[in-house]
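Student: Listed below are the residues making up each chain.
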Amino acid sequence: MATGLRLVTERVGDGAGEPILDAQNGEELVHVQPSVSIALGNRPLESPGTLYISSKQVVWLSDVDRTKGYAVDFLSVSLHAVSRDPEAYPSPCIYTQIETGVEDDESESSDSENNETLDLSKITEMRLVPSDPDQLDTLFEIFCDCAELNPEPVDEEDGEHNWVFSADNLVTESGDGEESEWISQNSVPTIGHSNGDHDLANTVLQVLLWALRFYEQTFSPTR
Amino acid sequence: MAPPLFVGDVTLPLQFLDRKQSRTQSHAMLFFSYFKDLVGREVTVELKNDLAIRGTLISVDQYLNIKLENTRAVDQDNFPHMLSVRNCFIRGSVVRYVQLPPEGVDVDLLHDATRREARGG
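From first to last, the protein sequence lines stand for chains A and B. Residue 72 in the UniProt record's numbering is what sits at position 72 of the first sequence, and the numbering runs on without skipping anything. Residue 85 in the UniProt record's numbering is what sits at position 85 of the second sequence, and the numbering runs on without skipping anything.
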């Protein structure tokens, strides 16, 4: 799930180098934007650096320090936006919110600037400031495209419901020899699954019914 | 469940989408087609971190990722930096509620969708 920001200390290639991508799992470099500064949380801008956008993550690498860089998966980018109002932030930037997986009350205390060591896992905001503000709209659209490439992972094994259901089933169907064991093993996931779906359908139904009721109460022509 | 009421707007809770994306696919599709009809209207999207953003709905995709334009934070005191983002992309999985304009709620469509869900289970 959401992992938040990571430190990137390794890279490949000569000179400033490039981020190491997981090409075996289909990760591709989508866009490189040179001359981008980065601000994490309320911390000051860091520069100069280069922004690499891959099909899986956003990586910022310092141009001068090969051991310094940050990365965040698109799975953890909950929101991104173009910010141009100088009152909101002095430099036009791509503003992002990052899902950390850390409990809310723990994250980003205001005195974190005093800490020598920066806890990246608690950073909930990241700003990317390209030296050329005309690139903001392009970057925004690339972020959108890549976000859509990274939907929530499908978790086949989730659902306590399935587990409880299948355990019940195993108990009732055991004792009839090999055949029933075969049946229970094969049929349980299907039954469990449809059961989960049914619950969910009910939830949706309730939601829709409630919306309908609320609508009718509020906007009924008879008042 | 006692959903919060928002005067003048209809709020659809979307929380259940975060857990079982695989099974919600068909239900997500239902909301997807529903939200597509709301493109161009003003909606308020409340995130799970309590940030509520109001703006014009530009697009929504099958994962219920939402693009807004001319956005502003509803609670500007607590989220001053969100004052002025012009366009904004919100990941579907972090959305808690979407508040819809009353005139954007098609009661017949909701009726139909509800019946279909009840029948199809």
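If you're looking for bench data, these hints aren't it; they were derived computationally from the structure. Take the hints with a grain of salt, since some may be wrong.
Across the chosen pairs, the derived CB separations fall in these ranges [what the hints assert, rightly or not]:
| hint | chain 1 | residue 1 | chain 2 | residue 2 | range |
| --- | --- | --- | --- | --- | --- |
| 1 | B | N78 | A | T67 | 35 to 41 Å |
| 2 | A | R66 | B | D112 | 55 to 61 Å |
| 3 | B | L109 | A | R66 | 40 to 46 Å |
| 4 | A | K68 | B | D112 | 27 to 33 Å |
| 5 | B | D108 | A | A23 | 47 to 53 Å |
| 6 | A | G101 | B | I58 | 43 to 49 Å |
Think of the CB as a built atom: it goes at the ideal place given N, C-alpha and C, for glycine as much as any other residue.
Student: Hint by hint, say whether it matches the structure.
Tutor: A quick look at each hint next to the structure:
1. B:N78 - A:T67: 35 to 41 Å: Distance hint for N78 of chain B, T67 of chain A holds at roughly 37 Å.
2. A:R66 - B:D112: 55 to 61 Å: holds, 60 Å
3. B:L109 - A:R66: 40 to 46 Å: This hint is violated: roughly 57 Å between Cβ atoms.
4. A:K68 - B:D112: 27 to 33 Å: violated, 56 Å
5. B:D108 - A:A23: 47 to 53 Å: At 50 Å between Cβs, range holds.
6. A:G101 - B:I58: 43 to 49 Å: violated, 29 Å
Checked against the numbered hints given earlier, this structure breaks hints 3, 4, 6; the rest are met.
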